[in-house]
Structure formats: structure tokens, C-alpha cells
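4 protein chains.
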Amino acid sequence: MSIKIIITGGTFGKEYNELTGQLFFKDTHLPEMLKLGRCTVDVSIETLLMIDSLEMNNEHRELICKKCNEAEEQQIIITHGTDTMPETASYLFEKIRNKTVVLTGAMIPYKFGSSDGLFNLGSALSFVQTLSNGVYVAMNGKYFYANKVRKNKKTGLFESI
Amino acid sequence: MSIKIIITGGTFGKEYNELTGQLFFKDTHLPEMLKLGRCTVDVSIETLLMIDSLEMNNEHRELICKKCNEAEEQQIIITHGTDTMPETASYLFEKIRNKTVVLTGAMIPYKFGSSDGLFNLGSALSFVQTLSNGVYVAMNGKYFYANKVRKNKKTGLFESI
Amino acid sequence: MSIKIIITGGTFGKEYNELTGQLFFKDTHLPEMLKLGRCTVDVSIETLLMIDSLEMNNEHRELICKKCNEAEEQQIIITHGTDTMPETASYLFEKIRNKTVVLTGAMIPYKFGSSDGLFNLGSALSFVQTLSNGVYVAMNGKYFYANKVRKNKKTGLFESI
Amino acid sequence: MSIKIIITGGTFGKEYNELTGQLFFKDTHLPEMLKLGRCTVDVSIETLLMIDSLEMNNEHRELICKKCNEAEEQQIIITHGTDTMPETASYLFEKIRNKTVVLTGAMIPYKFGSSDGLFNLGSALSFVQTLSNGVYVAMNGKYFYANKVRKNKKTGLFESI
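Residue numbers (my numbering), protein chains in the order written: chain A, 52 to 212; chain B, 52 to 212; chain C, 52 to 212; chain D, 52 to 212.
In case anyone wonders, no lab produced these hints; they're calculated from the structure.
Possibly wrong hints are sitting among the right ones.
Put simply, identical chains are the same to the list, so a pair is met inside one copy or across any two.
Below, in silico cross-link-like pairs of lysine to aspartate or glutamate (EDC-like), each with a Cα-Cα straight-line distance of 16 Å or less [to be verified]:
#: 1; residue 1: Lys199; residue 2: Glu97
#: 2; residue 1: Lys162; residue 2: Glu66
#: 3; residue 1: Lys117; residue 2: Glu69
#: 4; residue 1: Lys204; residue 2: Glu138
#: 5; residue 1: Lys162; residue 2: Glu69
#: 6; residue 1: Lys118; residue 2: Glu210
#: 7; residue 1: Lys86; residue 2: Glu69
#: 8; residue 1: Lys205; residue 2: Glu69
#: 9; residue 1: Lys204; residue 2: Glu69
#: 10; residue 1: Lys199; residue 2: Glu145
#: 11; residue 1: Lys118; residue 2: Glu97
#: 12; residue 1: Lys146; residue 2: Glu121
#: 13; residue 1: Lys150; residue 2: Glu121
#: 14; residue 1: Lys150; residue 2: Glu110
#: 15; residue 1: Lys86; residue 2: Asp134
Model the full assembly from the supplied sequences, consistent with the hints where possible.
Printed below as a string of C-alpha cells:
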């Protein structure tokens with residue numbers, strides 16, 4: 052039994068361009084992070100998008116949805132920017148059946164040394180193996196149902212609604 | 052609903068003493084790690100032991116067992132050195148009922164910058180919230196049943212038996 | 052004999068705002084960096100500016116110049132963004148006499164875990180103690196005379212001219 | 052003009068063996084550290100020894116001395132464990148002429164994430180380029196004359212005597 056990980060971008064994968072002083076997307080750091088976690092779970096990683104979640108529109112979401120439904124895997128993790136993670140979760144919630152889908156992300160880029168990304172990845176990988184079919188957000192050590200979660204813009208923390 | 056975290060030592064909490072060049076146990080880094088993970092799960096942390104797991108004997112295990120059974124919490128995480136983690140899990144397996152207990156640890160001290168500890172903590176916290184009553188080991192992104200796991204001494208990875 | 056360190060901003064001191072996803076200036080990290088380096092050199096730190104070096108104009112430079120000339124200390128380090136570090140060095144070169152002034156900076160923010168900042172700070176602190184009176188840039192493990200240095204925009208490295 | 056760097060071991064180069072839980076010497080991290088510092092100084096690195104400085108005896112010191120005297124380079128850095136760094140410096144002091152030799156080291160292994168090593172390397176590289184002929188210790192942001200320095204065992208800091 053394998054787990055599919057779909058990369059869509061977000062803070063998770065940002066790096067610092069030392070020539071321009073800007074943050075940018077390079078490759079995903081997922082393989083490096085899984086190695087650091089000594090992860091032996093069988094995963095297949097697909098880089099689908101590399102965008103800020105503020106740029107995520109319903110066309111992108113439809114693409115993600117299609118990938119989830121077409122995947123052979125029963126268990127799917129989606130890395131996603133945190134700003135619109137609840138919106139994407141809601142979108143998928145109504146259109147994916149018979150799979151466990153967990154969205155996760157990070158507040159701090161993995162490359163910045165003190166990131167929450169590794170914690171969230173460990174959490175998402177564990178929830179996706181144990182939660183029943185449905186769409187969830189895994190942040191802050193908790194799981195949230197797709198249509199019952201929001202990001203508190205002031206604290207940056209996810210809350211049940 | 053709160054989760055109890057019982058600290059027993061192990062690599063997780065080791066630091067480097069720059070005057071002696073030796074590794075030693077200082078305080079637990081759990082609060083710092085949970086903060087880094089932006090964890091909002093309600094936890095209560097108890098430092099019960101601070102020993103290498105090679106020093107762990109059945110008296111220690113009985114003490115851990117007692118703490119688990121007496122705890123008000125239904126969900127318990129135990130941080131533990133990896134060398135004898137399966138032994139302690141087996142010991143607890145036969146003596147704890149009606150609780151979900153997850154043992155976890157780290158191969159590299161958290162303070163050494165490239166530790167698997169944060170990944171494992173995120174994983175253990177998620178498994179303990181979703182697995183049914185029983186005793187488990189959470190390592191390498193997987194969960195293992197207490198009496199069906201061993202550490203491969205050559206690779207350092209945990210395997211089902 | 053004390054060394055004065057004048058902070059003007061630059062990449063050195065940038066942090067990541069996890070709520071906005073933007074880089075920003077918080078406090079200087081110099082005290083933390085000196086502590087990490089177990090530095091026992093007597094220094095006095097003054098935060099004069101907190102700006103990108105692209106915003107640095109001659110009014111700012113005049114302010115820096117005034118601070119250098121008024122300082123009791125004979126040896127002065129200036130942390131500065133790398134983009135216009137040579138321009139500021141040239142400006143000071145003509146106006147400061149009887150002091151050793153060393154400008155330094157970083158290509159990667161100190162807080163991002165894999166910064167050149169700590170290396171450059173150790174370098175600047177050592178050069179300022181041993182170079183004769185004059186104005187210098189300390190980058191890439193080398194020192195450069197103030198009016199004979201440029202930053203190569205393609206490589207990000209400093210070169211003699 | 053090139054600088055020779057002679058590696059002899061010490062805390063600088065220690066790593067953590069996750070299977071045994073012991074610290075050990077692997078390869079030197081000097082090339083990686085110089086890259087992190089964006090160092091463009093021309094250096095040639097030679098790994099001469101890989102020992103704790105407590106194991107350093109006069110035969111080792113004679114070997115180091117021979118390497119220094121035979122080197123084509125005028126400027127030489129020696130990485131060395133801190134415990135007997137003053138002894139080795141004294142030994143070399145009487146036997147090396149017409150060269151600038153700087154010994155440096157670290158209190159915390161480079162691989163442990165919060166090391167003083169990068170700071171000390173930047174410092175030693177700068178001192179070796181600017182100090183006149185002689186043998187020196189570069190630690191704590193300062194340089195010390197070879198026969199006038201000791202390590203304070205209580206604080207871990209280097210002091211003039």
C-alpha cells in the first residue's frame with residue numbers, strides 16, 4: 052500500500068534567492084524531508100503545481116481533484132500554501148469519494164532552519180494512514196474536517212468552525 | 052481531551068557538553084519542539100526518567116506502566132531511546148488496557164540540527180489521536196503493534212515481525 | 052580597547068514574517084551571533100539604521116560617516132546590505148581618517164540556517180583588529196580596499212578592481 | 052598567494068553516529084564550511100590527522116611542525132582540538148620561522164547546527180592574512196600569541212597569560 056503525495060507549492064517549498072533577495076520556488080524538498088525523517092513509508096511524489104496558495108483558483112483545484120480521483124492510491128497527501136488551504140479542502144470535499152485526502156503545509160519555509168514543515172509532514176503522513184475516507188486538513192498537530200476549518204489570519208493557526 | 056506525554060530520555064533529549072565533549076541529558080526539548088510545530092493540541096508533559104534506553108530495566112518499565120494506568124488521559128505518548136523501545140512496548144502491551152499508548156524517539160538528538168525527532172513527534176501525536184486502544188511504536192512514519200516490532204541494528208530502522 | 056559595531060540593516064538581519072510571507076527587519080541578531088561565536092572581544096553595538104542597501108542614499112551615508120568620526124573607538128565594523136556596500140565604502144573612504152573601518156554583510160539571512168553571516172562576522176572582527184587605518188570591505192574571507200572593490204551581480208561575489 | 056589549511060581533528064570535525072550513539076570523526080567539513088562562507092580565498096586543504104587533541108603527543112606535533120616548515124605556503128591554518136591547542140601552539144612557536152601559523156578549533160561540532168566553528172574559521176582565515184610571522188591561536192574572536200595563551204577549563208574560553 053503506497054501513499055501519493057501531490058505537491059502544489061506554498062511556503063513549504065520556498066527558498067531564498069541570494070542574488071535577488073526574493074523568495075522563490077525551486078524543487079520540492081519532500082524527498083529530503085522524508086529522508087531526514089528516516090521515513091520508510093512507500094510514497095510516490097508528484098509535483099503538480101508550484102504556486103502561492105493566494106494564486107490558487109478553481110481551475111487549479113479541478114486539476115488537483117482530477118489527480119486525486121485518478122490516482123491508484125487510496126491515501127493522498129497534498130502540500131498546499133496555508134492561506135487558501137481550507138478553500139481547496141472544501142472544493143475537494145464535495146468531489147472526492149472513497150479516498151483519504153490530507154492537506155498540509157507550513158508557516159515557515161523548510162529551508163529556513165526552524166520550520167514547522169517536518170512536524171506537519173510527520174503528522175499528515177500519520178493521519179492519512181489512520182483516518183477513514185474523507186478530506187482533511189492536518190495542521191498544528193490536529194486534523195480538521197474539510198468543510199469545518201479556517202485559518203485564523205491573526206494567529207496563523209487553524210481552527211474548527 | 053488532553054494527551055499525556057511521558058519523557059523517559061533517549062537520544063531525543065541529548066545535548067553536547069562543550070566543556071567535556073560528552074553527550075548528556077539536560078531538560079527535555081519537548082516544549083520547544085511543540086512550539087516549533089505550532090502545535091495547538093492540549094498536552095501535559097511529565098519528565099519521568101532521563102536515561103539511555105540501554106539502561107532501561109523492568110523496574111523502570113513498571114514505573115512507566117503505573118504512570119500510564121494512573122493517568123487521567125486516554126491518549127499517551129512516551130518518548131524513549133530507540134535501542135530497547137520494542138522491549139518496553141512489549142512490557143506495556145500486556146499491562147495496559149483501555150488506553151492508546153504510542154512510543155516514539157529519535158535517531159539523532161533534536162539539538163543537532165538535522166534530527167528526525169520533529170518528524171517523529173508530529174507522527175506520534177497524530178497516531179495517538181486516531182489509533183484504537185493498544186500499545187504502539189511510531190517510528191519511520193509508520194506505526195507498529197507493540198509485540199510485533201523490532202529495531203534493525205544494522206540500518207537503525209524499525210520493522211514488523 | 053573596544054570595537055564599535057554599527058548596524059545599518061541588509062540581509063544580515065532579515066527575518067521571515069510567517070503571517071505575511073514577507074521578509075522584514077526585526078532586531079539585529081548581532082548579540083546572538085557573537086554569543087554563538089563565543090566572542091570575548093569587547094564590543095559596543097549601535098543600531099543606526101534598518102534598511103535595505105538599495106535604499107541607502109548619501110544622507111544615510113553621511114549619518115554613518117558622522118557616527119564613525121564621533122566614535123571613541125578606533126576600530127569600527129559596519130553591517131551593511133551587499134548591493135551598495137562598495138558605494139558606502141567609497142563614500143566613507145574619503146571622509147574618515149585615523150580609524151580602521153570594516154564593512155561586512157551577508158548573502159543569506161542569519162535566521163535561514165545556512166548563512167554566510169557568522170563566517171563574515173568572524174572575518175570582519177579579525178580584520179578590524181589587524182588592518183591599519185583605512186576603510187575596507189570584508190566579504191568572501193578577503194578584505195578589499197574601499198575604493199577598489201565591486202560586487203559581481205552575477206555571482207554575488209566581491210572582486211578587486 | 053595561497054593559504055594552507057592542515058586538519059588535525061578536534062571537535063570541529065566530529066559527527067554523531069546514529070547507530071552507536073557515539074561521536075566520531077568522518078571527513079573534514081572544511082570544504083563545506085568554506086563554501087557556506089562563500090570564501091574565495093585560494094586554499095589548499097590537507098587532512099593530516101583525525102584525533103582528539105587529548106591524544107595529541109609530541110610525535111604528532113613534530114609531524115605538524117614538519118608539514119608547516121615544508122609547505123610552500125607562507126600562511127598556514129591548523130584546525131585542532133581545543134584542549135591542548137595551547138600546547139601545540141607552544142611546540143610550534145619554537146620551531147617555525149618566517150611563516151604565519153594560526154591554530155583554531157571549535158567548542159561545538161560543526162554538524163550540530165549551533166557551532167562556533169564557522170565564526171572561528173572566518174576569524175582564523177582573516178588573522179592569517181594580516182598578522183606578521185609567528186604562531187598564534189585564534190579563538191573567541193581574538194588572536195593570542197602562541198606562548199601566552201591558555202584555555203580556561205571552567206569557562207571553555209581562551210585567555211592571555
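Each hint tested on the structure:
1. Lys199 to Glu97: neither (27 Å within a copy, 32 Å between copies)
2. Lys162 to Glu66: both (6 Å within a copy, 13 Å between copies)
3. Lys117 to Glu69: Classified as neither; 37 Å inside a copy, 31 Å across copies.
4. Lys204 to Glu138: within (14 Å within a copy, 41 Å between copies)
5. Lys162 to Glu69: Both: 13 Å inside a chain and 14 Å across chains, each within 16 Å.
6. Lys118 to Glu210: neither (27 Å within a copy, 31 Å between copies)
7. Lys86 to Glu69: between (26 Å within a copy, 14 Å between copies)
8. Lys205 to Glu69: between (29 Å within a copy, 11 Å between copies)
9. Lys204 to Glu69: between (29 Å within a copy, 11 Å between copies)
10. Lys199 to Glu145: So Lys199 and Glu145 pass the 16 Å test inside one copy only (13 Å; across, 39 Å).
11. Lys118 to Glu97: within (10 Å within a copy, 44 Å between copies)
12. Lys146 to Glu121: within (12 Å within a copy, 45 Å between copies)
13. Lys150 to Glu121: So Lys150 and Glu121 pass the 16 Å test inside one copy only (11 Å; across, 38 Å).
14. Lys150 to Glu110: Close neither inside one copy (21 Å) nor across copies (45 Å); limit 16 Å.
15. Lys86 to Asp134: neither (27 Å within a copy, 20 Å between copies)
Comparing the model with each numbered hint stated earlier shows that hints 1, 3, 6, 14, 15 do not hold.
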